[in-house]
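Taking the hints into account, I'd like the entire structure generated from these sequences.
Read off the chains here:
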Amino acid sequence: MLVIKNLSTHFPTERGLVKAVNNVSLSLATGEILGLVGESGCGKSMTLLSILRLIPFPGKIVGGEVFFRGSNLLEKKPAEMRALRGQDIAMVFQDPMTTLNPVFKVGEQIGESLRIHGAMGKESFRRRYGDNKKIAEKERVLELMKEVGIPSVDERYHEYPHQFSGGMQQRALIAIALSCNPQLLLADEPTTALDVTIQAQILSLLEQINREHGTGIILVTHDLGVAAEFCQRIAVMYAGSLVEVGPTDVVIGEPRHPYTIGLLRSIPKISSKKEKIKPIYGNVPDLAGLAGGCPFAPRCEVVKDACYSEDIPMRQISDDHQVRCLNVPGHSV
Amino acid sequence: MRLARVLERVFVAIPVMLGVAIIVFFFMRLSPGDPVDLMMGEAGSVSPREMEALAREFRLDEPLHMQLYHFLAGLLRGDLGNSFVKRKPVARLVREHLPATVELAIGALVIALVIAIPIGIISAVKQHSILDRVSMAGAFLGISMPAFWMGIVLILVFSVYWHVFPSHGRLPFAVGLKTITGFYTIDSILTGNWSALASTLKHLFLPSLTLGAGTAATIARMTRSSMLEVLRQDYIVLARAKGLTEYAVVVKHALRNALIPTVTIVALQIGTFLGGNMIVETVFGWPGLGRLVVDAIQRRDFPLVQGAVIVYALTFVMANLLADIIYTFVNPKIEL
Amino acid sequence: MKVNETNVHLAQLPTTDRSPLQQHLYLLGIKLRLQRQNLGNFFRQLKRHPTAMVGAIVVVLYILMAIFAPLLVPHDPFTGILGNRILPPKWYEGGRPEYLLGCDELGRDLLSRIIYGARVSISVGLISVTVSTVIGVTAGIAAGYYRGLFDEIFSRFADLLLAFPFLIFALGVMVATGPGFWNLIFALCFKGWVEFFRLARGETLSEKTKEYVEAAKASGQGHLTIMLSEIMPNIIHSVIVLGTLRMGSLIITEASLSFLGLGVGTRIPAWGSMISSGRQYMMNAWWISTLPGMALLLLVLSINLLGEGLRDILDPRLKID
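Chains as they are written, first to last, in my numbering: chain B, 1 to 333; chain G, 1 to 336; chain L, 1 to 321.
Just so you know, the hints here were simulated from the structure itself, not pulled from any lab data. Possibly wrong hints are sitting among the right ones.
As the list claims (entries may be wrong) - With the Cβ distance kept under 8 Å, some of the chain L side facing chain G (calculated, not the full set):
(1) 44
(2) 158
(3) 160
(4) 163
(5) 173
(6) 179
(7) 180
(8) 182
(9) 252
(10) 259
(11) 260
(12) 261
(13) 282
(14) 289
Idealized CB from N, CA, C, for every residue including glycine.
Written as structure tokens, this is what we have:
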């Protein structure tokens with residue numbers, strides 16, 4: 001359904017060019033959940049925003065293709081792009097507190113996407129909610145609010161965002177995203193700002209949506225544990241580039257890229273036996289000053305001289321497992 | 001509860017108004033020299049008996065706290081005392097001159113808003129563009145510009161050299177407008193006197209522009225900076241991700257938020273108008289409250305100055321109160 | 001350099017071995033050193049703000065002009081020559097080369113009077129800002145630090161004064177006291193301190209809760225020392241910015257009062273009163289009121305440029321309008 005080929009998004013900054021998304025290739029099948037994992041600032045969110053073509057100034061998509069249902073989004077006219085946003089491709093953001101507009105009622109905000117895309121005029125919606133657009137819209141919004149688990153929807157409909165708790169705000173945001181039955185949901189760290197128990201609720205809500213509507217989801221997270229639990233495939237991103245892509249059990253069970261291995265080792269495990277956590281030493285590199293070669297090389301335990309000099313290609317090591325590392329044999333993609 | 005907050009604000013404003021009245025009273029008593037002596041200077045020689053009568057009339061023979069008591073009691077009844085010079089109740093003089101001043105203030109506000117808000121929005125949306133730079137430079141000039149000097153330059157350019165706008169007054173006597181409300185724009189519409197309306201608006205333009213310029217500059221800067229702030233917010237990205245047009249994003253989602261501080265500032269600018277109108281009315285010979293005060297100052301008509309200063313200060317307190325109340329209503333987050 | 005050496009020396013002493021005076025010097029020394037670093041930084045940053053730099057230069061030129069006015073003026077600014085009444089500027093028809101900007105309605109050299117006018121504006125601006133700052137900051141820090149009745153009284157009084165528009169208040173005071181230099185200063189400062197008070201009080205309230213103040217208290221420093229050497233250096237940046245920006249508006253207020261005939265008095269040339277008296281001659285001698293206004297505008301503009309630059313450099317979060 002979604003095929004990204006060699007997508008690059010760059011930010012010219014005072015300190016130099018930041019390649020926030022560097023030659024990223026990814027694909028998502030219909031109804032699939034893909035986890036995009038990496039540390040903060042590695043370009044995960046920018047990948048999502050690039051798909052929607054909502055890169056903030058001064059960033060720019062400089063190359064690549066993004067095929068959605070067969071047509072390249074990067075070649076679409078602005079109006080065509082707007083028609084897709086919120087209708088076919090919807091996004092859930094990281095911080096619900098700041099993502100809802102504080103001056104509009106929540107119900108109003110959930111209904112807005114329906115209105116812009118004229119959803120209530122469509123045959124499928126008309127059959128279900130009736131011909132009176134106003135009543136139909138409210139009906140639909142209340143149904144959405146119920147679906148995402150907002151209690152006492154009749155009152156909540158008329159409340160402002162600040163009257164909602166963080167978890168409820170995130171539910172409202174998910175309701176906004178779901179309103180037009182999108183085929184693709186881009187979830188940008190939807191649980192990071194929430195408490196652990198709420199996190200689990202939101203994730204299972206997303207899973208339920210995926211199950212019931214067949215919505216494809218790209219879940220961006222910095223938490224490999226969440227991705228492992230929830231996604232069918234995982235893509236690991238480091239400093240703007242993908243370093244490993246594969247099915248969840250392969251990436252978690254037999255990780256091949258040193259960064260993925262390091263990430264897995266640095267997750268504390270809950271068990272009675274005290275295992276030592278092994279951190280990855282060093283820091284996330286400054287994307288502005290990135291030279292050629294493997295960006296992970298300075299922190300890598302198995303680094304070779306060649307790692308610094310050449311650009312390392314993505315290599316296919318089995319049918320559905322790709323790794324970008326010189327130490328891993330395989331053939332170039 | 002909004003109502004509770006509004007009531008609370010009103011109750012806070014009451015002692016402030018009282019304090020304002022007391023401060024004004026004491027300052028006016030601070031002045032060197034006996035007001036009666038001062039008046040004698042105005043009126044020429046006065047006999048001791050007349051002087052005594054005058055002193056009694058203005059209660060100058062009573063102890064200070066009694067004077068204060070009568071002053072405050074009068075204030076409650078809407079009695080601001082009598083003018084030394086004009087021999088008329090101050091309240092009546094104020095009432096007579098108020099429409100001209102209010103009309104000018106409204107003109108200034110309209111001009112300020114019409115110029116400032118679009119400029120503020122466009123400058124923010126097109127940040128760093130030439131238009132942004134030029135208008136922000138203009139706004140900077142605007143906040144540094146002394147109003148009286150600007151008025152004089154406008155008169156020189158538009159009245160003395162180009163003869164496009166009149167330099168003085170509200171309306172030539174010859175137009176013969178029948179006054180009903182005292183607002184010449186309204187009166188000329190009510191009486192269907194269109195030439196008077198045209199002339200009124202022409203007379204209104206330069207003073208309004210002068211009075212509104214500083215405010216326009218402030219509001220434009222304010223709107224721009226709060227718009228820039230808002231455009232950086234996550235909910236703007238969401239609005240775009242919903243598929244809204246850029247126009248709808250700016251006008252619906254951003255502007256509503258950006259105008260919250262602006263609305264408050266606009267109400268507070270009423271204070272600037274009050275301060276500025278003395279200057280502008282003097283420059284343009286505008287027969288309003290400001291002109292009345294300046295005249296009273298020159299003729300050392302203390303009760304009139306005192307009364308007018310109180311009216312100004314109380315209006316300012318009310319404007320602040322209004323700003324507070326408006327803020328309560330435009331910002332849904334206030335729900336205490 | 002010397003301060004630094006002393007510091008190193010004192011710093012090497014274990015804390016317990018320092019006398020109270022040494023401890024104080026040590027702390028003060030650190031402050032000095034920090035401030036010096038900041039100052040170096042500051043000038044480097046100022047260079048990157050060309051507009052602020054220009055503003056600063058013009059303001060300095062104005063101050064020099066005010067100080068050396070008697071040496072600079074080409075003619076006597078106080079006495080006019082009847083034959084020179086409304087003499088146009090030099091480049092105009094009928095202008096005379098020795099009177100660069102022409103003469104006013106009493107035949108006095110306009111340039112000389114404008115130069116002298118800078119004295120009033122600059123001195124009123126500087127003195128009233130300084131007095132307002134000293135009063136406002138002192139009261140503000142004390143109110144924020146001690147709270148209680150002192151704070152209550154000052155805050156209520158400040159609220160009351162805020163209920164007046166500035167010009168109206170100053171005008172009322174001038175009417176009561178009559179024209180004159182010190183009366184003018186009094187009128188401007190009577191309300192001018194309030195903003196500094198509110199700034200200093202607010203900042204003190206937030207600084208008070210920070211760790212370094214707690215640490216100073218724990219080390220047994222007196223209240224006065226804490227206020228002066230702990231809190232003060234941390235709020236001084238905001239105060240400087242506010243002071244600069246307010247100086248521009250105080251100068252405009254002074255000129256407005258002079259314009260209304262309530263300034264320093266008629267005998268001293270002030271821009272406001274020059275603009276006012278030139279108004280009657282607008283039809284045939286535009287320069288009499290326009291040129292002093294230009295001098296005023298340039299000064300206020302430069303002060304504001306400097307102030308905004310200072311805000312960007314010293315205290316970007318400060319919002320004043």
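For this session: Could you check if residue 173 of chain L really has its C-beta closer than 8 Å to a C-beta on chain G?
Result: OK, holds: residue 173 of chain L within 8 Å of chain G, min 6 Å.
Problem set entry | Hinted contact residue 179 of chain L with chain G - closest CB pair below 8 Å | 11 Å, violated
Exercise. Is the shortest C-beta separation between residue 180 of chain L and chain G less than 8 Å?
Worked result: 11 Å, violated
Problem set entry | Cut-off 8 Å, beta-carbon criterion: hint that residue 182 of chain L touches chain G | 14 Å, violated
For this session: Under 8 Å, Cβ to Cβ, is where residue 44 of chain L needs to be relative to chain G, so tell me if that hint holds or is violated.
Result: 24 Å, violated
For this session: Would you settle whether the hint for residue 158 of chain L is holds or violated, based on the nearest Cβ-Cβ distance to chain G being less than 8 Å?
Result: 11 Å, violated
Exercise. Taking the least C-beta to C-beta distance, is residue 260 of chain L closer than 8 Å to chain G?
Worked result: 6 Å, holds
For this session: Against chain G, run the beta carbon of residue 252 of chain L and see if the smallest gap drops under 8 Å.
Result: 5 Å, holds
Problem set entry | residue 163 of chain L as chain G interface residue, shortest Cβ-Cβ below 8 Å | At about 5 Å, which falls below the 8 Å cut-off, the nearest Cβ of chain G leaves the hint on residue 163 of chain L intact, so it holds.
Exercise. Under the criterion of a CB-CB separation shorter than 8 Å, is residue 259 of chain L in contact with chain G as hinted?
Worked result: 5 Å, holds
For this session: Tell me if residue 261 of chain L is really an interface residue toward chain G, meaning its C-beta lies closer than 8 Å to one of theirs.
Result: Status holds, d = 6 Å.
Exercise. Are residue 160 of chain L and chain G close enough, Cβ to Cβ, to be under 8 Å, as the hint says?
Worked result: 4 Å, holds
Hint check: violations occur at hints 1, 2, 6, 7 and 8; the rest are consistent with the structure.
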